[in-house]
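S.K.: The lines below spell out each chain.
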Amino acid sequence: MRPFDYARASNEAAAVKSGAMAGTKFIAGGTNLVDLMKNEVEQPVHVVDINGLGMNRIERRIEGTGGGVRIGALVRMSDAAAHPEIAGNFPAIAQALLLSASPQLRNAASLGGNLMQRTRCPYFRELTWTPCNKREPGSGCSAKDGDNRMQAILGTSEACIATHPSDFAVALAALDGVLTIRGARGERQVAATDFHLLPGKTPHLEHDLKAGELITSIYIPDAPHARRSAYLKVRDRSSYEFALTSAAVGLDVSGGVIRSARVAMGGVGTKPWRSRDAESALAGKAASEATFRAAADAAMRDAKGQGHNDFKIELGKRTLVRALTDLAGGAA
Amino acid sequence: MTLPPCYVPLDDEDAPFEPTRRGFLIGSAVVTASAFVAPLLSEEVKPVRDANATKFALNVNGKTRELELDPRTTLLDALREHLDLTGAKKGCDQGACGACTVLVDGRRVNSCLTLAVMHSGKKIVTIEGLASNGALHPVQAAFVKHDGFQCGYCTPGQVCSAVALIREGHTKSDDEIREWMSGNICRCGAYVNIVEAVKEAARNATV
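Chain order of the listed sequences is W and E.
The first sequence begins at 14 in our numbering and counts up by one.
The second sequence begins at 1248 in our numbering and counts up by one.
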């Protein structure tokens, strides 16, 4: 680990100010940052501890045209998952959190940090290996011709095929989450679906935070498809593992007809993969196996296998069909 | 019969000294090294205090311990290398095995993935702090009774994790225990007995 200065921020304004210094990283749980600092993928010069900032409440709020829940960015994954407000009104969020990592990691990791976690691509995480455009722009991508079983099939580019690792971010994208971001000039709101960036030619740019900016809270609006939502995760072992494929789904069904649907997929995209094509294939249709299959085909229409991960295309479809079938209330 | 010092039984309180494995290893290392390095240390190479060291205190197992450490020091390294609490183990050092699990303010965390300096003012409990008045913690006793280990390397982490798990109440079925203990890997595969140990300790905790 490279040497750094450590400081505790006592208020948001001070955090944002110190965060704007070159080479600064905020630390909350540290579960991802400390790991990456050890292998020197991350080399911050200043580390600012934001755990003293509060930002740890879960509150029911009326915002805009309806209600929702506002969750402080420092709320720990375990606390968010166990909160009755989230487990009751946004089950896909609670399930995504509980299917992530381990109890120990969930106790430490914050929700803001979860959104900021970096890819598990082995070529990114290992300095002594070969080039990585995300770690060192312009150096090349080792994953494309390397072991790419865990890599993405959607949103990839010539420069990068790394999968976004978060489960929570997938559920948040599905349920129209909105992030509140604080910077030197005040607060702004960003839709969760706009927060993470496609790699394109600049895979080192992963999100919409400017220097010094801090995610302070996350808002999730109430909706019938949020209250009836679920997260299904398929992986190599039944627990404590990243997704091969996953699906966050929400359905509002009335009289057997889908009034509104939400679909986002994990393990397959270079960012949390909201599929509006799948949602269009579901809306207004009967909640049937044929409809769910059509939605799965739509979700994977643009998928491109890299060789070792070609199986993710079919597995992704089946994951989505099963998630929708279970949510709709049994075998379709 | 007089035994050589290294054969003094570990449970003999009247033993002249405690020949712990680590104490022995440290002692050996110092003796070995000093024969070669001592002249250098005294004249040319002086231990330099880390320029970036920071002073803070940790409350570990009920005692306040003053430290002066480089902020890079993880909680696990602070415990093992600076406080001589070597119960928490460094397995993977990247949050994938759970051998380093300790309790921070009653919550189980991976001590390898957090910086020690972030924990001043918090109450840290390690495996060394679970027994009280010479009696094993009920979870420790249950692990012994059910043979919940083979090599023992992951056991301190398993036990700390199980203590928290029982408090969290995730012990309603074998499957639930397995899921909520999944952050602790046992490469010997003692899982069946670990589940039995956790079940018994949980049962007794609620009686």
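Keep in mind the hints are simulated off the structure, nothing from the lab.
Please note that a few of the clues may not be correct.
Taking lysine-lysine pairs in the DSS-like style, the calculated list, with each CA pair at most 30 Å apart, reads [unchecked claim]:
id, chain 1, residue 1, chain 2, residue 2
1, W, K214, W, K317
2, W, K223, W, K30
3, E, K1370, E, K1310
4, W, K38, E, K1337
5, W, K30, E, K1302
6, W, K38, E, K1369
7, W, K51, W, K30
8, E, K1446, E, K1337
9, W, K38, E, K1446
10, E, K1419, W, K51
11, E, K1446, W, K51
12, E, K1337, W, K51
13, E, K1446, W, K30
14, E, K1370, W, K51
15, W, K157, W, K317
16, E, K1337, E, K1369
17, W, K38, E, K1370
18, W, K298, W, K223
19, W, K30, E, K1369
20, E, K1369, E, K1310
21, W, K317, W, K298
22, E, K1370, E, K1337
23, W, K51, W, K298
Quantities reported herein were computed from a predicted structural model and do not represent experimental measurements.
S.K.: Would you check the hint for W/K30 and E/K1302, treating anything up to 30 Å between C-alpha atoms as holding?
M.R.: holds, 25 Å
S.K.: Taken at face value, is the distance from the CA of E/K1369 to the CA of W/K38 at most 30 Å?
M.R.: Satisfied, since the Cα-Cα distance of roughly 23 Å is no more than 30 Å.
S.K.: Would you mind confirming whether the straight-line C-alpha gap from W/K30 to E/K1369 stays at or under 30 Å?
M.R.: holds, 27 Å
S.K.: Check whether the Cα positions of E/K1370 and E/K1337 lie no farther apart than 30 Å.
M.R.: holds, 21 Å
S.K.: Are the Cα positions of E/K1370 and E/K1310 separated by 30 Å at most?
M.R.: Holds, at roughly 9 Å.
S.K.: Against the 30 Å threshold, does the CA-CA distance of W/K38 and E/K1370 hold or violate the hint?
M.R.: holds, 26 Å
S.K.: For E/K1337 and W/K51, compute the direct alpha-carbon distance and say whether it is at most 30 Å.
M.R.: holds, 14 Å
S.K.: Quick one, are E/K1370 and W/K51 close enough, alpha carbons at most 30 Å?
M.R.: holds, 25 Å
S.K.: For the pair supplied as a hint, E/K1446 and E/K1337, is the alpha-carbon distance within the 30 Å limit?
M.R.: holds, 27 Å
S.K.: Would you check the hint for W/K214 and W/K317, treating anything up to 30 Å between C-alpha atoms as holding?
M.R.: Roughly 18 Å between the alpha carbons, so the hint for W/K214 and W/K317 holds.
S.K.: Please work out if E/K1419 and W/K51 have their alpha carbons no farther apart than 30 Å.
M.R.: violated, 38 Å
S.K.: Starting from E/K1369, check that the Cα of E/K1310 is at most 30 Å away, please.
M.R.: holds, 11 Å
Violated hints for the displayed structure, listed by number in ascending order: 9, 10, 11, 13, 18, 23.
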